[in-house]
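Undergrad: Put together the whole structure using the sequences plus the hints.
In the numbering used here, the protein residues as written are 4 to 510.
Check each hint, because a few of them may be wrong.
Unchecked claim - Result set (DSS-like, lysine-lysine): computed pairs, CA atoms no more than 25 Å apart in a straight line:
| hint | residue 1 | residue 2 |
| --- | --- | --- |
| 1 | K487 | K425 |
| 2 | K428 | K487 |
| 3 | K428 | K375 |
| 4 | K493 | K428 |
| 5 | K375 | K487 |
| 6 | K425 | K493 |
Bear in mind the hints are in silico, worked out from the structure with no lab data behind them.
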Amino acid sequence: MMLVDVVTAASEVGATSSRLRKIEVLADLLRRTEPDDIEATVALLLAAPRQGRLGVGWRTLSALDVAHAADPGLTITDVDRALDTLSTTSGSGSVLERGELLTALASRATVTEWDFLARSILGELRTGALSGVLLDAIAKASDRPASAVRRAAMLSGDLGETARLAITGTPDELDAVGLLVGRPVLPMLASTAATPTAALESTGRASVEYKLDGARIQVHRHGGDVAVFTRSLADITHRVPELVDVVRGLPAHDLILDGETLALDEEGGPRPFQETMSRFGAEVAREIALRPWFFDVLHVDGRDLLDEPLSERLAVLERVAGEWRMPGIVTDDPDAAEQLSRDALAAGHEGVVVKAIDSVYSAGRRGASWVKVKPVLTYDLVVLGAEWGSGRREGWLSNLHLGARDPEGEFGEPGGFVMVGKTFKGLTDALLRWQTETFPGFETRRTASTVFLRPEIVVEIAIDGVQRSPRYPGGIALRFARVKGYRDDKTAEGADTIQTLRTLLRG
4 MMLVDVVTAA SEVGATSSRL RKIEVLADLL RRTEPDDIEA TVALLLAAPR QGRLGVGWRT
64 LSALDVAHAA DPGLTITDVD RALDTLSTTS GSGSVLERGE LLTALASRAT VTEWDFLARS
124 ILGELRTGAL SGVLLDAIAK ASDRPASAVR RAAMLSGDLG ETARLAITGT PDELDAVGLL
184 VGRPVLPMLA STAATPTAAL ESTGRASVEY KLDGARIQVH RHGGDVAVFT RSLADITHRV
244 PELVDVVRGL PAHDLILDGE TLALDEEGGP RPFQETMSRF GAEVAREIAL RPWFFDVLHV
304 DGRDLLDEPL SERLAVLERV AGEWRMPGIV TDDPDAAEQL SRDALAAGHE GVVVKAIDSV
364 YSAGRRGASW VKVKPVLTYD LVVLGAEWGS GRREGWLSNL HLGARDPEGE FGEPGGFVMV
424 GKTFKGLTDA LLRWQTETFP GFETRRTAST VFLRPEIVVE IAIDGVQRSP RYPGGIALRF
484 ARVKGYRDDK TAEGADTIQT LRTLLRG
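TA: This is the structure we're talking about:
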């Protein structure tokens, strides 16, 4: 398979908003892909090279001084081999060697091909070719039932391997993929609702559980061997010895548990999210300890529980996890669900998850059986700039730079604005068009990627909260920011302040 064919397909996928068209384009690409190239092709489309983290950042890639090829000549095999070599190059002199490897690869790629590869390596393709679309494309390309493809992907945790097996293997081989202790599976995901009452209307009788502001974990145990995986299925066992010790003490020989972990402060409350993630990502254990809470069990001592109702899984979880269970209640009473949500928020947590008591564990899926409820906070902020979009947003001003007012000059000039984050979420085509037509009238300067504006345009932004961040002068960054709409009725002097946003910091 030529790299240019993958780049062309990715460009077409990124240029359409039609899910059916995305699936059709990707299915056609997969049908034409040689068996040995399928896994690498899927990995590149997901912007998750199969070699894992390559230790290459934007600064490294942007610093390359390369004359690109005039005509396409790279194959997927060429790219995959180059990334293999890059991922295994370390030690003395490796910085220079890795730079030479990247330069060699970039010089063999056309400008368009290198743009695709760079964004894939950095995890920033934004083509809409996410796992759900690719799953349906794999089913279409292989003429296999979507349910069989989805289950194999869930249980193997590897979409590339699933694609290869579905397209080149037999139906029996695909159906034979099963749950295996030690091999992570894709986590079940939750949809959203505005209130616990609304969630219960969708689920019926449910387990209503705390939603922590922590990190998702999946833990596998076979005897004394314990492995801990992240939401993205990365193995981080060596980073979390305290979690390993907890799981080794549980009353079972074989286990697969789903849960969350976070760091607690001296009073037993949750530390700020940023501190948990810093500890979670540390290669060497630090003084801050992580504590696990388990909310589901997928396997225990030879018994697979994926297809058992949640009521049965919770009974097993109570027996094996005990004090390490996530707090929650089973109810169909909206008042009880609302009270638990208030309790969770008062304890410093994000909210609740409402789970249908008869639901099975649908790994890798975001359905109606699990519904998360978190308070949505909205603030009026000022647009300080906008970045030019890519993919289907190419030619439009997209990613917004957002600022909060600083009336006293605590973090800058009195009466100025402090940047608190960026977002491209929530922007419709109509808003993108309006921004592109309107923003140049407020322009103060521009770079190749960004148009900077006078701080006069007010936009209503919904967020899940803020987190500590050294990136911005105000010491905070917005979490999960998305555009609700522009406020023509407000001036910049009426925007929310950095001090107001900082009150959201826990602790």
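Undergrad: Looking back at the numbered hints, which does the structure fail to meet, lowest number first?
TA: none
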